[in-house]
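Undergrad: Spelled out from the first residue to the last, the chains are:
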Amino acid sequence: MQINGVEIEDTFAEAFKMRCARVVITAVNQKWALTAARVATGFGTSVIACGSETGIERLIPPDETPDGRPGVSILVFTMGTKGMEDQLMRRVGQCIMTCPTTACFNGLEGDKKVKVGGTLRYFGDGFQISKLFEGIRLWRIPVMEGEFLVEESFGVQKAIGGGNFLILGESAEVALEAAEDAVAEMEQVRGVVMPFPGGIVRSGSKTTSQYKFLRASTNTAYCPTIRSQVESALPEGVNSVLEIVIDGLHERAVSEAMRVGIQAACRPGVVRISAGNYGGTLGQFNFHLREIIGER
Amino acid sequence: MGCIACVGLLKDSEDELNAITLVLKKQSSISIEADSICPDLFAGRSQSEIEALPAFYGRRKVTLGDLFRVEADAAIPMARHPGDRSDHVVVRGYLQHVKHIGQGMSGGLITIHSDVGMHLGAKMSGGAIIVHGNADAWAGAHMSGGVIQVHGNAGAMLGAAYSGERRGMRGGIILVEGNVGPRAGERMRRGLIAVQGNVGEFAGARMIAGSLVVFGTLGARAGAGMKRGTIVALGGLADGLLPVFRYNCSYRPAFLRVYLRRLGEWGFPVTSEQIESVFHRYAGDITTLGKGEILVNDQH
Numbered sequence: 001m002q003i004n005g006v007e008i009e010d011t012f013a014e015a016f017k018m019r020c021a022r023v024v025i026t027a028v029n030q031k032w033a034l035t036a037a038r039v040a041t042g043f044g045t046s047v048i049a050c051g052s053e054t055g056i057e058r059l060i061p062p063d064e065t066p067d068g069r070p071g072v073s074i075l076v077f078t079m080g081t082k083g084m085e086d087q088l089m090r091r092v093g094q095c096i097m098t099c100p101t102t103a104c105f106n107g108l109e110g111d112k113k114v115k116v117g118g119t120l121r122y123f124g125d126g127f128q129i130s131k132l133f134e135g136i137r138l139w140r141i142p143v144m145e146g147e148f149l150v151e152e153s154f155g156v157q158k159a160i161g162g163g164n165f166l167i168l169g170e171s172a173e174v175a176l177e178a179a180e181d182a183v184a185e186m187e188q189v190r191g192v193v194m195p196f197p198g199g200i201v202r203s204g205s206k207t208t209s210q211y212k213f214l215r216a217s218t219n220t221a222y223c224p225t226i227r228s229q230v231e232s233a234l235p236e237g238v239n240s241v242l243e244i245v246i247d248g249l250h251e252r253a254v255s256e257a258m259r260v261g262i263q264a265a266c267r268p269g270v271v272r273i274s275a276g277n278y279g280g281t282l283g284q285f286n287f288h289l290r291e292i293i294g295e296r
Numbered sequence: 001m002g003c004i005a006c007v008g009l010l011k012d013s014e015d016e017l018n019a020i021t022l023v024l025k026k027q028s029s030i031s032i033e034a035d036s037i038c039p040d041l042f043a044g045r046s047q048s049e050i051e052a053l054p055a056f057y058g059r060r061k062v063t064l065g066d067l068f069r070v071e072a073d074a075a076i077p078m079a080r081h082p083g084d085r086s087d088h089v090v091v092r093g094y095l096q097h098v099k100h101i102g103q104g105m106s107g108g109l110i111t112i113h114s115d116v117g118m119h120l121g122a123k124m125s126g127g128a129i130i131v132h133g134n135a136d137a138w139a140g141a142h143m144s145g146g147v148i149q150v151h152g153n154a155g156a157m158l159g160a161a162y163s164g165e166r167r168g169m170r171g172g173i174i175l176v177e178g179n180v181g182p183r184a185g186e187r188m189r190r191g192l193i194a195v196q197g198n199v200g201e202f203a204g205a206r207m208i209a210g211s212l213v214v215f216g217t218l219g220a221r222a223g224a225g226m227k228r229g230t231i232v233a234l235g236g237l238a239d240g241l242l243p244v245f246r247y248n249c250s251y252r253p254a255f256l257r258v259y260l261r262r263l264g265e266w267g268f269p270v271t272s273e274q275i276e277s278v279f280h281r282y283a284g285d286i287t288t289l290g291k292g293e294i295l296v297n298d299q300h
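Residue numbers (my numbering), protein chains in the order written: chain C, 1 to 296; chain S, 1 to 300.
Check before you lean on any hint, since a few could be wrong.
Stated by the list, open to error - One side of the interface only, derived from the structure: several residues of chain S facing chain C at Cβ under 10 Å:
# : residue
1 : GLY164
2 : ARG167
3 : GLY171
4 : GLY191
5 : LEU256
6 : VAL258
Just so you know, the hints here were simulated from the structure itself, not pulled from any lab data.
Note that the coordinates shown come from a computational prediction; the quantities given were computed from them, not determined experimentally.
Note that beta-carbon positions come from the ideal geometry of N, C-alpha and C, so glycine has one too.
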């Protein structure tokens with residue numbers, strides 16, 4: 001199968017069960033809502049070492065937010081619910097509450113709840129105020145700037161992490177341009193984030209290492225500079241590979257993001273689109289590239 | 001508790017065609033105690049069984065059927081399920097002296113096409129009551145859930161505690177389009193009262209928690225003895241604030257934006273200026289716990 005002369009490898013991306021929460025951040029204007037969102041989703045590329053995988057899902061217009069101010073929604077993915085509570089506490093407490101003019105709301109019903117505002121409230125040192133409105137508890141925490149408003153609990157639901165595809169390019173420049181265009185299209189899809197820097201991974205990994213103290217190491221099969229020294233998966237003409245990783249709320253969202261991303265990436269100079277998997281033995285979800293593209 | 005739209009508050013009157021209708025047979029100034037007018041009590045009962053429910057005419061024990069003409073399809077028992085129209089009770093006639101309608105209800109909808117007597121929806125925990133007229137004193141007293149919407153005025157002690165009780169309204173929402181008498185929300189423990197018109201004196205007296213939002217003028221001596229809770233004066237103060245309230249700051253409270261937007265969706269005349277407004281925050285009553293607040297709109 002080819003798109004615009006680019007081979008779509010007959011392979012699949014292997015993804016995993018994760019848990020997700022959606023945080024809605026509002027502020028006096030978009031600049032500050034985005035500032036809080038960027039800081040809160042910083043250092044959130046991989047659960048391997050960051051505790052969670054996070055990203056900005058979308059900008060929210062004022063008429064769609066609970067307080068009528070400009071907003072941003074971010075998605076946070078962890079392996080389990082307990083880890084989610086810890087991650088939300090850290091990110092909301094250290095990155096959103098600290099940012100001028102923000103308020104923080106839950107954006108997901110979820111099948112479980114974790115306490116965020118209900119714990120952060122103690123920062124108010126006894127002067128915090130609870131407001132119960134339509135069954136939702138809001139905490140008003142006095143801060144130097146004025147007052148920080150945060151919901152007591154946030155919903156957590158089952159989600160998917162690790163959807164992916166690889167862009168095999170003739171050069172680093174072509175691969176990067178293709179990946180940038182792919183991410184721009186994927187950012188329009190609701191319910192997904194691409195947690196790596198700019199949505200792109202330049203240093204994809206494998207789950208083994210010759211070092212006992214490491215859980216993962218560089219994906220040697222796709223590293224062009226050592227092609228002749230390893231069992232390489234690179235076809236002729238490929239000099240650079242970039243990966244895009246997708247975490248999403250449900251299969252349909254991940255699949256749609258992959259579809260629009262692959263379509264956008266296929267252009268002259270891209271040799272092949274591939275994907276990473278473990279033989280289908282580890283992950284609970286398989287996204288077959290040719291099925292995804294052939295869906296429409 | 002559910003949102004207002006969910007309990008059918010925003011449904012139009014077409015639904016009344018399939019409601020149980022009670023029409024007061026004779027206008028009288030004698031008090032009628034009609035706490036049997038309650039969807040919970042009508043559920044599962046036939047028309048004749050509803051007519052046999054007790055009521056008081058003055059001090060005389062009577063039945064609902066003695067006082068009201070009950071119009072319902074006798075062939076269909078009144079089973080209560082969410083969204084079932086048999087949950088809807090419509091009451092018509094001269095009801096100014098009819099008290100305790102909707103007392104203790106936990107679901108369903110009561111629509112009243114008249115002014116209505118005291119203790120409307122007292123101790124209710126769910127469902128909704130709509131009054132196309134005025135409501136007398138003690139409406140929503142000790143309510144813990146549900147919604148009361150009064151298109152006219154409401155009397156004294158709205159959502160308040162009965163004399164000798166330590167806590168008033170615990171939850172639920174009361175919306176009033178007109179004016180409200182004195183001591184609204186007294187000893188309020190939680191929930192929301194929103195008033196489009198003016199509110200009389202001693203609003204929120206001895207309030208423990210909850211929110212009272214006044215679009216008109218807030219009467220004198222508001223918040224006397226207040227421990228916690230919020231009173232919002234969007235339309236200014238009739239006679240200033242008690243000296244037991246101390247000024248803190250002027251700011252734009254984010255939580256109030258959430259409340260005002262929602263009230264706007266429920267038909268209150270919320271303006272963008274009010275949402276964006278600066279409010280002066282006063283904390284008190286310093287003679288008690290002093291963690292209550294009165295937020296006064298900067299524009300007044």
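Undergrad: Failing hints, ascending?
TA: Checked against the structure, the hints that fail are numbers 1 and 2, while the rest are satisfied.
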